[in-house]
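**Student:** Protein chains in written order, with my numbering: chain Z, 2 to 350; chain Y, 52 to 346.
None of these hints come from the bench; they were simulated from the model.
These numbers were taken from a predicted model, which means no experiment stands behind them.
Possibly wrong hints are sitting among the right ones.
[Stated by the list, open to error] Covered stretches of chain Z, going by a simulated chain Y footprint (3 or more residues, C-beta under 8 Å):
1) 48-61
2) 99-110
3) 113-122
4) 125-132
5) 232-246
6) 288-298
A virtual CB, placed ideally from N, CA and C, is assigned to each residue, including glycine.
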Amino acid sequence: MPDTVWKKCVVVAGLAVFLLSFPLLVRDAFLLRLFTEALMWIGLAITWDLIAGYIGYLNFGHGVFFGFGAYTTTILFTKANLPFALSLAIGGGVAALAALIIGWPVLRLRGAYFAIATWAFGRAIMQLALVLDVTGGPDGMRLPPFLNPHFFAYVMLALVGATYIVLWVLLERAPFGLKLKAIREDESGSLAIGLNPAKLKLQALVLSAAPAGLIGGVYAYWITFIDPSSVFGDLVTDQAVVMAVFGGLGTLIGPAIGAVFFLTFKTYFWAYLSDFQVLYLIILGVAIAACVVFLPDGIWGAVTRRQEGRRALRKGLSLNQRAAAPPAHPSAAGTSVRPSVRPRDGEEE
Amino acid sequence: MLTLLPQAIIDGLLLGGIYLTVSIGFSLAYGVLHIIDFAVGEWIMLGAFLGLYLTAWTGWDAMLFLPAVFVVFAVVGWFTQPLIQRVTSGAKGRPVLMALVFTFGLALTFRGAAQTVFGIFTHSLPTELAAGSWYWELGPFMMTVPLVRLAGLVYALAITVGLTYLLKRTDLGLAIRAVAQHKDAAGLMGVNIQRTNAVVYSLYVGISAMTGVFIGAIISLNSGMGPDLSLFAFFVVVLAGMGYLPGVPWASFLLGLIQSFFLIFFNPSWTLLAVFTVLFLILLVSPTGLFRKGV
């Protein structure tokens with residue numbers, strides 16, 4: 002369908018131009034900060050969704066990888082005086098290594114066990130950061146300030162953009178994504194058709210941890226101060242979860258939309274209602290719970306559902322008018338969309 | 052150091068009693084409803100605060116309010132369960148995962164609401180028991196048993212025995228076990244699944260809230276204590292094997308002993324790490340818990 006391909010190209014190109022030129026055109030430091038933070042949360046939300054949406058494992062310790070990256074980068078940068086780029090790369094590597102070590106036993110657990118184990122792991126690591134000397138304990142760590150918001154906007158853009166493209170190619174174009182979805186639909190079944198779920202899950206976890214670690218490293222240098230509760234705390238994971246669930250699990254664009262939407266809300270909330278800080282937790286919780294009950298596919302899921310339905314209707318009508326041989330069957334609608342793009346096939350169990 | 056050994060064991064057992072109460076209702080709820088409730092710690096916290104407000108209002112001993120707290124939260128649980136039921140029985144998506152996310156949201160909401168309403172300060176529940184303690188000296192060994200902790204252990208054992216009786220000797224217990232074993236088959240045999248589920252959930256919420264009163268009297272209470280309690284409930288239940296009720300007491304006492312030994316003989320701030328390491332190793336060796344009976 003060249004028409005839609007053309008449309009998609011225009012949209013993607015427009016988005017790229019917008020993202021690349023935004024930091025140059027905007028002189029407002031606040032907007033630039035919001036831009037950078039939005040990119041950061043997009044990165045965290047899509048990497049969380051890689052595990053939750055594509056494999057169906059809930060990683061409630063995603064913040065750990067973010068924190069590993071932030072702390073490793075900070076320690077190497079300030080204490081070992083390595084250049085920032087090298088510290089950052091090592092930070093990402095450490096996060097990936099942590100994912101490998103932790104994923105090996107924990108990924109053998111299914112469903113709720115996995116969620117609990119990762120959550121407990123996150124809290125244990127936070128405890129560790131609080132008692133160690135090298136992390137500065139509860140006092141946290143300071144980095145030399147580098148006051149160039151454009152630098153951080155572009156670094157974050159490059160990082161998250163690269164992550165998004167890599168994930169999109171791997172998950173939506175390469176067989177890797179289909180394999181992960183096979184695990185989500187039926188893990189034993191995927192084993193039976195010759196996949197190696199243990200290996201695939203570990204690869205996916207490492208793939209989700211490394212960008213999170215890199216983002217953590219950039220975050221640390223950008224904010225110039227980290228402490229255990231700000232990078233290892235529950236809030237990092239919680240917000241990524243809200244964004245991904247709100248936007249729509251099992252897609253890449255959904256969590257990105259959710260991240261932008263939720264971050265905008267959060268920023269305005271903090272700006273105008275900061276007297277009611279604790280309300281934020283309530284809103285976060287209600288948002289998660291309400292999404293699960295009323296919008297289980299997220300915003301993106303609801304939108305695509307509706308479009309699919311319309312397309313099916315149109316197609317069915319045209320088929321009827323032409324009185325073509327195959328009867329208008331509702332499931333025929335899906336053929337206009339690539340099967341791998343649709344998140345929720347075959348779940349009518 | 053060795054003179055502290057009996058004290059460490061006793062502390063461990065008393066602490067294990069607390070963990071037992073935290074996790075037994077939770078394990079029951081998992082065994083029957085097959086949902087992990089991330090809000091378990093928050094139910095405990097809310098129960099503790101209800102106890103606190105009742106004692107502040109009437110001036111009576113906190114222990115007197117256990118039944119009231121149980122009843123109030125059993126009712127709350129009764130009305131919460133249909134929501135969870137709706138999420139888990141939904142035709143679309145992955146119900147189990149969605150239920151996890153849902154209770155996660157519920158927990159955040161409760162914590163936020165508690166911090167808004169009750170503030171962030173730490174309180175303690177006043178009770179007559181807190182003043183008393185037993186003290187022995189036997190040669191070089193000495194032991195102290197605070198009465199309120201002993202009461203906690205007795206409460207834990209009473210709840211365990213009571214639940215065991217309920218499950219093994221009554222018709223309701225038979226229905227609960229049937230639902231836990233096979234929901235659809237139990238439904239075909241005439242068990243009202245909806246109602247059984249609601250009963251189990253309200254039992255669990257009520258027990259958790261009562262536990263909150265004990266924890267408030269034994270340790271302290273504040274609006275941010277939920278996650279740590281949930282964590283320990285999870286530890287116990289994973290050690291015991293998810294949904295395997297007889298394993299819960301052993302796992303609780305093991306966890307209590309590990310923690311008290313760490314507190315007395317090593318660095319207290321490493322306790323949580325030690326506990327996590329144990330959990331990690333056990334999951335490595337046997338992912339279905341100590342007794343290999345989990346689901």
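**Student:** For each hint, tell me whether it holds in the structure or not.
**Tutor:** To see whether the hints hold, each was checked on the structure:
no.: 1; hint: 48-61; result: holds (count 4)
no.: 2; hint: 99-110; result: holds (count 4)
no.: 3; hint: 113-122; result: holds (count 8)
no.: 4; hint: 125-132; result: holds (count 5)
no.: 5; hint: 232-246; result: holds (count 4)
no.: 6; hint: 288-298; result: holds (count 9)
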